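Undergrad: One letter stands for each residue in the lines below.
Number of protein chains: 2
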Amino acid sequence: MSEHVMVCEVGPRDGLQMAKSVMPTEAKCAWIGALAASGLREIEVGSFVPAKLIPQMADTDAVVRFSRGIPGLTVVALAPNLRGAEAALAAGAHRISIPVSVSEGHSRANLNRSPDEQVAVVAKIVAWMREAGDKAEIEVACSTAFGCSIDGAVPEHAVVRIASALAEAGVSQIALADTVGYANPAQIKSVVRAVRAEIGPVLRGLHLHDTMGLGIANALAGLEAGIRDFDSALAGLGGCPFAPGASGNIVTEDLVFMLESMGFETGIDLAKLIAARGLLHAGLPAEPMHGQLAKAGIPRTFQKAA
Amino acid sequence: MSEHVMVCEVGPRDGLQMAKSVMPTEAKCAWIGALAASGLREIEVGSFVPAKLIPQMADTDAVVRFSRGIPGLTVVALAPNLRGAEAALAAGAHRISIPVSVSEGHSRANLNRSPDEQVAVVAKIVAWMREAGDKAEIEVACSTAFGCSIDGAVPEHAVVRIASALAEAGVSQIALADTVGYANPAQIKSVVRAVRAEIGPVLRGLHLHDTMGLGIANALAGLEAGIRDFDSALAGLGGCPFAPGASGNIVTEDLVFMLESMGFETGIDLAKLIAARGLLHAGLPAEPMHGQLAKAGIPRTFQKAA
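Protein sequence lines, in the order shown, are assigned to chains C and G.
The opening position of the first sequence corresponds to residue 1 in the working numbering, with each subsequent residue numbered one higher.
The opening position of the second sequence corresponds to residue 1 in the working numbering, with each subsequent residue numbered one higher.
Here chain C stands alone, though its shape is the one from the complex (with noise of 0.2 Å):
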């Protein structure tokens, strides 16, 4: 038996919420519906954000409605605070994940806290959701764990008092992001370690952007590194409002492609996941569209992990 690795889609958040246009709630449900359909376990639908402040997640309490009824499904939302966790567990999400940003420039543009008052607001959620009885999952992800357009170079040990801080207030799992994609694959496997030496399987998972064309590379430095979880875009959807000109997360296609090609199990069908692009398509036309397997086409040799 293939070892498995976990694919988490999280286009319809990290990936809508920097689209120049709205995807109607229709057209979302119809996309999830076809990433789980290729096998997908695990999709981060949505935010529970104000409105105002981003309008693409504005229907994030119905996405998450409409995706508890997938067997098998993990839905994820993001919530930023307190409030939003609580309607992302009315809505049903099974793991709710809170952002917490290591570099102080980052965190202050992007939740208006000091990244440990942002520790602190996660203390509160862990407790709360203790007292809720534990009835969905708290992840949190770190980001800029790699760099930030804004404050420049973040330190190993900056992410290190951050992560640490967090497994301490009851966080059981986090991930760490290279949000703006300045990461490199030394760096990748250096900060992995570092963190892993602190808090151990508490650090999961990495949320990875290509924005210097790196990303993919990122992902086999994280797996050499022992992880085994990774957030990734289908067509690369995504940018980040603090670093102009930068692509997206990295290609979901692309990256099950590479795992299943070097012997892991995804459990998820590459065609029916190139098919899926076709429903982001048709919900967002003008967005375009990344990705090399789906123009090149599955390569006759490639052959999915047993």
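Every clue listed holds true.
Since copy identity is lost for identical chains, a pair holds within one copy or between any two.
BS3-like cross-link-like pairs, simulated, lysine-lysine; straight-line CA separation at most 27 Å:
| no. | residue 1 | residue 2 |
| --- | --- | --- |
| 1 | 295 | 20 |
| 2 | 272 | 295 |
| 3 | 52 | 124 |
| 4 | 189 | 295 |
| 5 | 135 | 124 |
| 6 | 20 | 52 |
| 7 | 272 | 304 |
For the record, the hints were derived by calculation from the structure and aren't laboratory data.
Keep in mind it's a predicted model, so treat the numbers as computed, not measured.
Given the coordinates of chain C, assemble chain G onto it according to the supplied hints.
TA: Only chain G this time, still in chain C's reference frame:
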């Protein structure tokens, strides 16, 4: 001191031969001049093939003679046979690159010979060059070493067999080429190690394409397997006539960014490299240019390896 990695720019040969239009000789020379000015020390500037087959390469003699005038530059030219090698030497190429396909189908389609027949051609070229006083280096690029769009999967033992035969024929440097871009990182490491076990340091480089989006990850895998010599093309120019939809070579800018970010020294100035895209575009205005770094800009955290 950082470890050095050699990047050989192959855009003027592998990139231009697939372009829809022909770049004028003057534009080629201006572009090659800009590439060399960015710090690239090896450039494959053209191929000595019949102009009726590849009209983009009809001016290779003039381009090689021009490039020889650039101080410190190793001028590489491709030649598929002895006649081409003689022309390359006469023009003044420092290194002559001979293609040998590992797969029968690609060998027949590209060279109208079997792999073994082409190995015999190489042996003759090596003998001729010895008689000519070793005035130029002979290098072999093993095409379809990681898969073939005609024959499908290429077994590792076939690559080892061809590489060993070439080493026995006296070839002093061999590169393994993922001609159609089917390779994955695990395969890169495995094939590199298997070939090196047989021919040692005669295995020198990797020539990678980004067809499936794994090109830079494959370069990382090669780097980790000890390869310190990579072909790439500015703006990811190129393609493959036998891989429909395939994109081109790995992007020089993105590769150099990865290498320098990881602490490897390339001698290449990224800003000047990106500026050279302007001359490529001037000479081939209709050709699409790839590459993430040029789109996003060099990040503020970037530090050149010392």
